[in-house]
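Order-wise, the sequence lines are chains A and B.
Note that our numbering gives residue 46 to position 46 of the first sequence, counting from 1, and the numbers run on in steps of one.
Note that our numbering gives residue 107 to position 107 of the second sequence, counting from 1, and the numbers run on in steps of one.
No more than 20 Å apart at the CA atoms, straight line, and that leaves these computed lysine to aspartate or glutamate pairs for EDC-like:
#1 Lys437(A) / Asp57(B)
#2 Lys17(B) / Asp411(A)
#3 Lys437(A) / Glu51(B)
#4 Lys453(A) / Asp57(B)
#5 Lys437(A) / Asp200(B)
#6 Lys425(A) / Glu51(B)
#7 Lys71(B) / Asp410(A)
#8 Lys177(A) / Glu151(A)
#9 Lys217(A) / Glu180(A)
#10 Lys425(A) / Glu445(A)
#11 Lys217(A) / Asp58(A)
#12 Lys437(A) / Asp190(B)
#13 Lys71(B) / Asp411(A)
#14 Lys209(B) / Asp124(B)
#15 Lys52(B) / Asp428(A)
#16 Lys437(A) / Glu206(B)
#17 Lys425(A) / Asp57(B)
#18 Lys425(A) / Glu62(B)
#19 Lys61(A) / Asp50(A)
#20 Lys177(A) / Glu43(A)
#21 Lys78(B) / Glu25(B)
#22 Lys17(B) / Asp410(A)
#23 Lys57(A) / Glu42(A)
#24 Lys6(B) / Asp40(B)
In short, the hints are calculated from the structure, not lab data.
In case you want the letters, here they are:
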Amino acid sequence: MKQLPVETLRPSMRILSDEQVQAIHHAAMEIMTSYGMHVQDEEAVQIFRDAGAFVEKDRVKIPEFLVQDALNSAPSRVVLANQKGERCLFLEEGKTYFGTGSDTIYTIDPETRVRRRVQVNDVGNFARVCDALPNIAFIMSMGNPVDVPSEMVYMYEFAQMVKNSNLPIVFCSDTGKDTEKIWEMAVAVYGGDRQKLEQNPFLLHYVEPVSPLIFNKTSVQKLITSARHNIPISFPSGANAGSGAPITLAGAMAMGIAECLFGLVLSQLVRRGVPFVFGPNVSIMDQKTTVVSYGCPEWALTQGAVTDMGRFYGLPTWSYAGATDSKRVDAQAGIEATFSIFAALACRSNLVHDVGYIEYGTTSSLEQLVMANEIIDMARFFMNGLEVSDNTLALDVIGRNRDRSSFLGDDHTLQNFRTAQWYPKLLDRQNYPAWEKGGSLTMEERLQEEASKILSSHQPDSKPGEVLEKIDNIIAAGI
Amino acid sequence: MADIIKEIHDAVVAYRKDAIVEKVEKAINEGIEARRILHDGFIAAMDVVGEKYSQGDMFIPEMLAAAQSMKLGLEKIKPLLQGEVAAEDSKGVVVIGTVKDDIHDIGKNLVAMMLEGAGFEVHDIGIDNPPENFVAKVKEVNARVLGMSALLTTTMPNMKEAIDVLKDEGLYDKVHVIVGGAPVSQQYADEIGAGGYAADAVAAVEAVKNLLKN
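Looking at chain B on its own, in the form it has when it is part of the complex (with noise of 0.2 Å):
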């Protein structure tokens, strides 16, 4: 590995947020690939973090600002890439948002972000999403999975309902729908034919990828 790319996913590993995009310039000066910056500094990087965190060694707030370090050195190779990064490249699309009726989207954000840092597009719909919302991004950026969250035992049945559209839309069977939030459980994704549920976030990009393999 070239010493850069090391000192750029340590630099993400320590959110050194104030050190990245020098690093990052500097790596593209020396006519290292976006791609490479991309796989081997930054979602290696978020890879160490989320270890990290399972582990008990970092915290949230630490999570948060290795992501947001590596979103600044993203923006600075982002237009690099798309010449560079080919179809089989990317992770995949993730279309994720609260249920209808619910506001609820610390718990979200959270798994938007690690998401993010593991190299996913995500696509975030925010709060009170009806079923058709969820439907008419999916179509729009040709998701191939689909993160839903309640907070309430009262708008945990709004996901149920949303699967239910994605099953009229023909959708169902081309994208992975994904669970999460305090009341939900995995007995309940069953139920509903969601394919997936994590309890946390570094729960669900591991979630997310075992999806992906399927």
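The following block holds chain A by itself, in its conformation from the complex (with noise of 0.2 Å):
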């Protein structure tokens, strides 16, 4: 008689058990609700005292209502579209998606391999490479450029990312005024169709208030206006252990989660229904350097902590993974790309972004990113567990192979040898003389190469004549 199949466990980790999943949200709910947040904005202010919030001077207090109501409100799934409008990124249960990092000073320029200032095209690089790489799911803008108007950065930043790619966007702005503008792109790269953004966004806005315990003004403005136009909210505070937050990393969760918080509750006052991702950036600041680290495992633990945090609350997640505190891609941008991303997927937290960080955050890296793309990969096929079935079993392949000497030239070894295995693309394991005779390249310089010609051949899908001119249009019409 046939049989069920065996079921096949996916590795997966929590953090927190259920008890300290409710001890961080109490702290939480007392730091909203005792200390309060300075809001430094006078119509966020009314919006919120108009809620039931209590206002002493600047700072503002939410009674635990709000918070219950804005999580009711949001959505416990945020779906984004890709730039054609078709629906890709799911942030729901157990599923993840890595993407880039925003703000970077420095680049690595890909010919010369020099760290630079970044320039315009060093964005755009980054986008058509993404677009390229399997693993990578979004884009964000991977450094601000110094060779356009300081107040257009982000307008120019979201100009690159529409026209070197087709995947969804995350993006920053500088005040609300910009993001109107990059709210316009948007709708023109859906052929003037708002309702259809508004339905179906492929963009996210990255908003971040100021640890401790500040909403300033221009993250004020900036939520507002994405909020009114319906565009997906991320709103992570650094709360740094050891810098803007306490040095012990539950006290630094429990703020980052009461400021982001804040967050949620003004995007749904400001409109209903705002999609809306949880999840503060807690790493630590060193205490030897004053470095905010991007390659320890504490962000991991409190990023995976914070995936739990958002199962309470019923909202998809926002992460890091995939950088480093190195400054070239070494041994070290490896091992520490390697744990964050390992446990971004072990803690299936949805919308992991940072991938190919170098410095700190403070350098972008294409060979960090292509080094990723393949760890990505490695830690994927490990999540996916181990079939256990018939045909993995393999017990009649067992018995007619038991005297010969190798199941080499066996079928079933020809039937399965694709799916049963991973295969590197990057990594090597060729023998010696074979490794020899290629040139006898290291990781890193078989990175270089990779990005090189993922630079020098990949063209993604274009986009109609009329969208680009009329990006183009907005941004010459200036700010």
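With the hints in hand, could you dock these two chains into one complex?
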């Protein structure tokens, strides 16, 4: 009689127990209701006051029902489309998507390999390489260009991302004003269809409050602008343990969560149902160097914990991985990127950014990005678990080969070798003479080669001329 | 190239074990010479397979399946080849085996398969062979190439022992020796007086071809 198949366990990880989740939530509520937040924008203060918050000068304290209301109206899942309008990122339980990061100061020049300030073309280069990488699902700018007017930096970044990729875009902005312009560009990408953009957004706005507990004017205005257009929002403070937040991770998380939930409440008060991706960035400020680390185990740990908190709140989660504190794409870079990518996948964080950062997020690197693409592939194979079935147990195959010297020539090997094993693209497994014959290339050299190859060969599916023209016109009109 | 020859060629490259025999029979019925099927169909195809493998476009199981396909086809033309093939058509006779005290043979089997695929007549004498076994077989089949395999640093010296016996028997100048296996290197091959070394099965075919050019 036919039997049910054996279920495949997909390895996964929880960081917090239910009790720990409750305790952190209670601490966050205490911060919101008792300490409150400095809201440095009168419009926002009025919105909070009208909704029932307690306001003492510019300090806003939020009763818990406002948080509960906001959690009720915010969608439990956020779906992002690509720039063609195809829904492709389903930020839901069990799904993880990796993408790049935002505003680095430097980048590694793709030709000279020298660290230098970011030019606007670099943003396009990163977008184009991401467009070609199968494990990169969304893009951010990967640098603040210095060769464009400073008040239009984010508009230029957005235009570059539109011109060089069709992936969903997570964008940053300077104020409410350029946010409005970026929204106009996004509407243009959808051929002027505002309603389509509201219903099926291909972009998400990354807005940050300032730790500790400051909701500054520009952040407020950016958030309000996006909420009015129903643009999905993530609102991660940098509640870094030991600088803007307490040195202990639980306290830093509780405070970061309180800051993030303030943003959630405001977004839902501006427009009920605005998609919101939950989670603060809780790394550490290293107490030897004052550097905020992008390779530390603490951030990997808090991001997993934030994901647990997101499950508790019923919101999709924001996360980070694939970055390093190293100045080059070396062994340290590989160790740190692998650690955070593995953790993010194991914890099933939803939207994982900062892939491709080096130098603690100060420099962007195509090599790091290309390497992370491979690490993600490797980690995904692992998380897929170990299928146990008649085919994979292969008892008949063992039987018919028991007197032979190997399983190499068996049809079962031929039929299964592609799925039973993971094949690296850039990690080297050649025998020594073959490796030597190929030029004795190191991993860093192979990454450089691969990045250059993609840059010189990959072209994203092109957009209609009138769309690009409209984008250029918006830029030309200035701000 | 006749269409059917191309079909045979492509069927080997695509490791169509299910289709090869039928195609070879069709070629024979069309009156195509067996040696043409051998050279332009099988051997040319296995050259492509070796090339694809070296480029990373084909994997070991696919390469083996291609060799198996070729073997199935070869069985069909073998009776016809006896009469047709002149001595110069044969690329050469190879004796291959794992050395004394060593029972590892997966790599050696791969080499044997690939050499057959390249058109060599391969005599595989298996594992744990003392020098006398190699010598006896080389004499028996009049081999031009002797391939020896060792996986262990402890059994590797048995390669040298076998070469010494070849010298004693006056065969050393008549047969090309090629060695391989994880601990073996070009340097070691040079040290013990083996004319050839290869790090993997595809490289081994290349190395044997080079030896025979000399």
